[in-house]
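Colleague: This is what each chain is made of:
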Amino acid sequence: MTQGKKLLMIDDDPDFVEGIKAILDAAGYIVDVTYNPKDGLKALQEKTYDLLLLDIMMGRGAEGIMIARKLRKDAKLREMPVLIITGIREQMAFLFPGESIHPRFVAVDELVEKPVEPKLLLEKVSTLISMAEARKAEAG
Amino acid sequence: MENQPKILIIDDEEVVLDSCTLILEGGNYSVTTASDGTQGLNLVREIQPDLVFVDLKMPGIQGIEVLEHITEQDPTIVSIVITGYATVTSAVEAMKKGAYDFLPKPFTPDEFRIITKRGLERRKLMLETIALRKEKEMLRENFAAIVSHELKSPLGAIQQNLFALTAELSQTLSESQNAKFERMKVRIDDLLKLINSWLRVYSVDISKIKDNFTTISATSIISKSIESIEPHAVRKDITIVPTIEDNLNTFEGDEGSLVEAVVNILGNAVKYSHTNSQIKVNAREIDNNIEISISDSGVGIQPEDLPYMLSDFFRGKKDQTSEDSHGMGLTISKRIVEAHNGTISVASTPSKGTTFTIRIPCIN
Numbered sequence: 008m009t010q011g012k013k014l015l016m017i018d019d020d021p022d023f024v025e026g027i028k029a030i031l032d033a034a035g036y037i038v039d040v041t042y043n044p045k046d047g048l049k050a051l052q053e054k055t056y057d058l059l060l061l062d063i064m065m066g067r068g069a070e071g072i073m074i075a076r077k078l079r080k081d082a083k084l085r086e087m088p089v090l091i092i093t094g095i096r097e098q099m100a101f102l103f104p105g106e107s108i109h110p111r112f113v114a115v116d117e118l119v120e121k122p123v124e125p126k127l128l129l130e131k132v133s134t135l136i137s138m139a140e141a142r143k144a145e146a147g
Numbered sequence: 023m024e025n026q027p028k029i030l031i032i033d034d035e036e037v038v039l040d041s042c043t044l045i046l047e048g049g050n051y052s053v054t055t056a057s058d059g060t061q062g063l064n065l066v067r068e069i070q071p072d073l074v075f076v077d078l079k080m081p082g083i084q085g086i087e088v089l090e091h092i093t094e095q096d097p098t099i100v101s102i103v104i105t106g107y108a109t110v111t112s113a114v115e116a117m118k119k120g121a122y123d124f125l126p127k128p129f130t131p132d133e134f135r136i137i138t139k140r141g142l143e144r145r146k147l148m149l150e151t152i153a154l155r156k157e158k159e160m161l162r163e164n165f166a167a168i169v170s171h172e173l174k175s176p177l178g179a180i181q182q183n184l185f186a187l188t189a190e191l192s193q194t195l196s197e198s199q200n201a202k203f204e205r206m207k208v209r210i211d212d213l214l215k216l217i218n219s220w221l222r223v224y225s226v227d228i229s230k231i232k233d234n235f236t237t238i239s240a241t242s243i244i245s246k247s248i249e250s251i252e253p254h255a256v257r258k259d260i261t262i263v264p265t266i267e268d269n270l271n272t273f274e275g276d277e278g279s280l281v282e283a284v285v286n287i288l289g290n291a292v293k294y295s296h297t298n299s300q301i302k303v304n305a306r307e308i309d310n311n312i313e314i315s316i317s318d319s320g321v322g323i324q325p326e327d328l329p330y331m332l333s334d335f336f337r338g339k340k341d342q343t344s345e346d347s348h349g350m351g352l353t354i355s356k357r358i359v360e361a362h363n364g365t366i367s368v369a370s371t372p373s374k375g376t377t378f379t380i381r382i383p384c385i386n
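From first to last, the protein sequence lines stand for chains A and B.
Residue numbering for the first sequence follows the working numbering, starting at 8 and increasing by one per position.
Residue numbering for the second sequence follows the working numbering, starting at 23 and increasing by one per position.
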């Protein structure tokens, strides 16, 4: 199931990324990594991914939110599942007033808090990918 | 103050303006002059000087009035009064209107230079004080964000790598090696929890709570709170017994945050209760206030600790060995209740039990 699935991770903390990537690598995923929103968006345009792992607080603020917004407006990328991995809890949403990061913000989004237990991470990743695939199959 | 301090001289005598400009020449100042009060005030707005010399006796707007306007516009601009009619009365009056110093005519070039230096020194100190105050405010405001990113991120990265490492090594680790990893994870997890509870305290935004006010009932708050804490209570064989007065008035408040406030107190009650005991939750109306009280028959609070129970970040002596307490729960509860214009109080007898009482006014 997981073999060969391609994931992209956008997160500005290389040490944290290593900790996530090791878990996903071991489970057979192919993980690409970018360390800033700009490279992340470029990678999304150039390659096809089954899932995006997205950090929120990058650069000058909640730039992850901007990426999520852009994806939802992009005809090609709209359906890609996004798993938000963030150090911010929901209650910290006051950091960017008006910017909802609630997991229900977009129906397929999920939010986990850093650090994330391997079991939970793998569960979320595989669920999101299979949900996206089911949707695709349904849409024919 | 940028590189060149800006000095404005307002005087109706051209000879004074010229000589003052001449004295300051070569002193790395930017000097501007005005020959009456109106022009002077326009220039104050335009160039925003660091230091202004004002002649008290001028045709048109008087010096005193000019002073008043300057102070009104920007109290950090330093004004020094110059006049040929130096009297104690006029000096005192000028000082009252915000002048920093007083220079009687005629004055020597050295006197003028020295008072200029002192005036600019004063301005620098004022600006520094303001900058420091602002910095302090910003630090406070951004505390949550700073803590979040600067402390949580590295801890999160460490923990994530520990997770990955133990998963990788799960087949090869001996029992004692595994125990070492577990110890590390637990301690880091404690730290992350501690930071999160700090963040919670700082994110209790009173104005936000007030935005969420709707008509709510004590009954609903109590039942939701009990529901949330019951799993912990069951483990210690503790029963929570609610007694709610009939026909309680509804009141204006934010249910979510009040449930959190009650849950924090109930959680403490469970923690400090003996197994197989009872916790009583009562709600009644008294003097147009809704009163919710939570009583346990647990270990109680030492009299010397009691006055500090509701202070920020306080932990009782007995509590200091407990890993999962950061003394933040009650602080959060207190802030939430206060956002409802309510009060929270505590009474306790050691070895007998503790009662917390929340009172919130019903506005109806």
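Derived from the structure by calculation, the hints contain no laboratory data.
Among the hints, erroneous ones may be present.
To be verified - Quick partial rundown of chain B residues pointing at chain A, CB under 8 Å, derived from the structure: (1) Glu90; (2) Gln181; (3) Ala186; (4) Ala189.
Glycine is no exception: its CB is placed at the ideal position from the N, C-alpha and C atoms.
Colleague: Each hint needs a verdict: does it hold in this structure or not?
Modeller: Results for each hint:
{"no.": "1", "hint": "Glu90", "verdict": "violated (40 Å)"}
{"no.": "2", "hint": "Gln181", "verdict": "holds (4 Å)"}
{"no.": "3", "hint": "Ala186", "verdict": "holds (4 Å)"}
{"no.": "4", "hint": "Ala189", "verdict": "holds (5 Å)"}
The structure fails hint 1 only (numbered hints given earlier).
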